Amino acid sequence: MSVRVRFAPSPTGYLHVGGARTALFNWLFARKHGGSFILRVEDTDEARNTDAAKQAIFDGLNWLGLDWDEGPGKGGKHAPYFQSERWGIYDAWFAKLVATGRVYQDDGAWRFRFERKPVTMRDLVCGEVTIDYRDEANTPDMVVKRTDGSYVFHFVNVVDDLEMGITHVIRGEDHLMNTPKHLQLIAALGGTPPHYAHIPLILNPDGSKMSKRDAGAAVDDYPRQGFLPGSVVNFIALLGWSPKTNEEIFTLAELVDRFALENVNRAPGRFDFDKCKWVNQQHLMLLSPADFTLAAQPFVAAAGLPVPANFAAVMAAVQDKVRLLGEVPPAVGFLLLDEFSYDGETVAKVRGNGAAKELLGDLAAGFNGISTWSADAAKEVLSATARAAGAKPGQLMFPLRVALSGRAHGPDLGDMLDLLGKDRCTARVRRFVAML
RNA sequence: GACCCGUUCGUCUAUCGGUUAGGACUCCAGAUUUUCAUUCUGGCAAGAAGGGUUCGACUCCCUUACGGGUCGCCA
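The first sequence begins at 2 in this note's numbering and counts up one residue at a time.
Hints are computed from structural coordinates only; laboratory data are not their basis.
Note that this is a predicted model, so its numbers are computed, not measured.
Incorrect hints may appear among the rest.
Simulated restraints on C-beta separations [said to hold, decoys possible]: (1) SER243 to ALA389: 56 to 62 Å; (2) LYS350 to LYS322: 33 to 39 Å; (3) ALA389 to ALA349: 22 to 28 Å; (4) SER243 to ASP108: 24 to 30 Å; (5) ALA389 to GLY345: 26 to 32 Å; (6) ASP222 to THR51: 17 to 23 Å; (7) SER209 to MET398: 27 to 33 Å; (8) ASP68 to MET398: 48 to 54 Å; (9) ASP108 to ASP175: 38 to 44 Å; (10) SER243 to ASP222: 57 to 63 Å; (11) THR13 to ASP292: 33 to 39 Å; (12) ARG123 to SER243: 17 to 23 Å.
Below, in silico cross-link-like pairs of lysine-lysine (DSS-like), each with a Cα-Cα straight-line distance of 27 Å or less [claimed, not checked]: (13) LYS322 to LYS423; (14) LYS380 to LYS393; (15) LYS245 to LYS278; (16) LYS75 to LYS118; (17) LYS33 to LYS97; (18) LYS358 to LYS393; (19) LYS380 to LYS350; (20) LYS380 to LYS358; (21) LYS380 to LYS322.
Heads up, the beta-carbon is just placed ideally off N, CA and C, and yes, glycines get one too.
Put together the whole structure using the sequences plus the hints.
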């Protein structure tokens with residue numbers, strides 16, 4: 002019997018990292034076992050559902066690379082995959098439930114009568130958990146059909162899992178206490194329950210519950226900032242799951258290979274944005290120069306910067322220095338345009354070096370005299386200029402960096418010299434000298 | 001409040017009774033880069049508390065504390 006798992010989001014907002022990780026674990030489990038990953042949209046709450054939210058879910062999953070085998074846009078033998086289109090199915094199952102005598106009317110709504118006994122479940126992550134249903138105050142009979150005739154989550158969720166032949170339900174821990182309810186419903190309906198695995202929730206850095214507004218919460222924010230989908234998948238996989246080795250950087254395919262529900266942790270994890278960015282940097286460095294250039298180009302264009310002939314060389318100069326693609330434009334702006342801003346604090350630092358102005362003046366003259374420009378030739382001139390004034394070459398390098406880029410941090414000085422060329426370097430040093 | 005799950009460096013984690021408790025992020029230091037960053041090396045930093053069980057406990061059990069979850073005609 003092959004594995005069938007599902008991701009069943011409710012389209013009431015943007016795709017959340019917690020939801021994305023639930024989807025990821027389901028997807029990994031399906032791929033690992035050669036099973037099917039089903040996307041089912043639980044849009045029964047018409048008042049709160051929006052088309053934009055549905056689209057955000059599809060976009061988010063697509064961006065992350067989590068393709069579904071059955072679901073919206075894909076079809077499948079259990080279509081439709083929107084709960085709002087499955088009323089007939091629910092009516093039929095509800096009739097079945099009524100026939101068992103386990104539901105009764107209450108204020109126009111229908112409640113399911115729980116069996117008053119301890120209910121034990123075997124969770125693939127949490128182990129054996131028993132909830133005592135003799136405590137009626139804690140487990141009141143649940144409404145399955147509302148006064149307005151619509152069905153509540155518990156009922157449609159269970160019916161669809163049964164209908165769609167779901168074998169493993171992998172979901173957030175917030176559903177753990179719902180599971181005995183679902184088990185009782187399934188038993189009443191004469192169905193076979195799936196296996197359950199409840200994964201721990203993702204919290205904010207301060208331990209509070211992560212909401213949509215918190216940094217890192219919305220999946221659609223990641224592409225905007227310049228994360229690679231593989232980085233995000235890698236990072237959220239590590240939040241709550243461990244390969245049990247010291248390795249941390251994985252491709253999607255490697256995650257499929259390593260993933261196992263037994264290695265999912267039970268304690269909730271906190272979201273560490275710094276580490277997420279570090280993971281992205283690792284993935285960025287693994288990209289071929291051509292792929293990095295391709296990935297970075299939209300960010301450069303969006304920043305209004307030109308894309309010159311030596312663009313690939315410019316990208317190569319910063320590939321291993323950025324953590325996000327969004328950091329690329331500010332890092333290369335001075336290489337693509339002659340007009341750029343100078344960082345005040347950094348310029349002040351150069352001014353503090355009394356000899357810098359004169360040395361840079363000499364350097365500009367030296368640059369101008371170079372017949373065949375190259376980074377090495379420019380560095381030789383720099384060394385000679387410094388020594389002639391009784392200074393060390395190193396003392397001139399930082400001022401030169403600032404003269405060329407306006408900032409303290411950036412690519413290797415040699416790369417800058419190469420990329421900018423003789424005329425630009427000379428002109429920029431002269432312009433900077435005038436500023437001092 | 002009741003019920004459920006959980007608790008190893010600040011954070012993510014390894015450890016399935018015997019380890020100097022390992023790795024990573026962050027931070028700090030040194031080295032390299034004739035420059036800043038990158039990189040490399042090193043360092044700081046942990047078993048919530050108290051009881052048991054055991055020759056021996058981070059690991060098993062109990063209690064307490066703390067954190068999270070659930071108790072809807074939301075999903």
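Quick rundown of the hints versus the structure:
1. SER243 to ALA389: 56 to 62 Å: 60 Å, holds
2. LYS350 to LYS322: 33 to 39 Å: This hint is violated: roughly 21 Å between Cβ atoms.
3. ALA389 to ALA349: 22 to 28 Å: For ALA349 against ALA389, whose Cβ atoms are near 26 Å apart, the range 22 to 28 Å holds.
4. SER243 to ASP108: 24 to 30 Å: Violated, at about 48 Å.
5. ALA389 to GLY345: 26 to 32 Å: 30 Å, holds
6. ASP222 to THR51: 17 to 23 Å: 18 Å, holds
7. SER209 to MET398: 27 to 33 Å: 47 Å, violated
8. ASP68 to MET398: 48 to 54 Å: 50 Å, holds
9. ASP108 to ASP175: 38 to 44 Å: The hint (38 to 44 Å, Cβ to Cβ) is violated, given that ASP108 and ASP175 are roughly 27 Å apart.
10. SER243 to ASP222: 57 to 63 Å: Violated: the Cβ-Cβ distance is about 26 Å, outside 57 to 63 Å.
11. THR13 to ASP292: 33 to 39 Å: Check passed, 36 Å falls within 33 to 39 Å.
12. ARG123 to SER243: 17 to 23 Å: Roughly 22 Å apart at Cβ, these two residues keep to the hinted range, so it holds.
13. LYS322 to LYS423: Holds, at roughly 25 Å.
14. LYS380 to LYS393: 12 Å, holds
15. LYS245 to LYS278: 22 Å, holds
16. LYS75 to LYS118: With Cα atoms ~42 Å apart, LYS75 and LYS118 exceed 27 Å; violated.
17. LYS33 to LYS97: Roughly 36 Å separates the two Cα atoms, so the pair is violated.
18. LYS358 to LYS393: 15 Å, holds
19. LYS380 to LYS350: 22 Å, holds
20. LYS380 to LYS358: 18 Å, holds
21. LYS380 to LYS322: 22 Å, holds
The structure fails hints 2, 4, 7, 9, 10, 16 and 17 (numbered hints given earlier, in ascending order).
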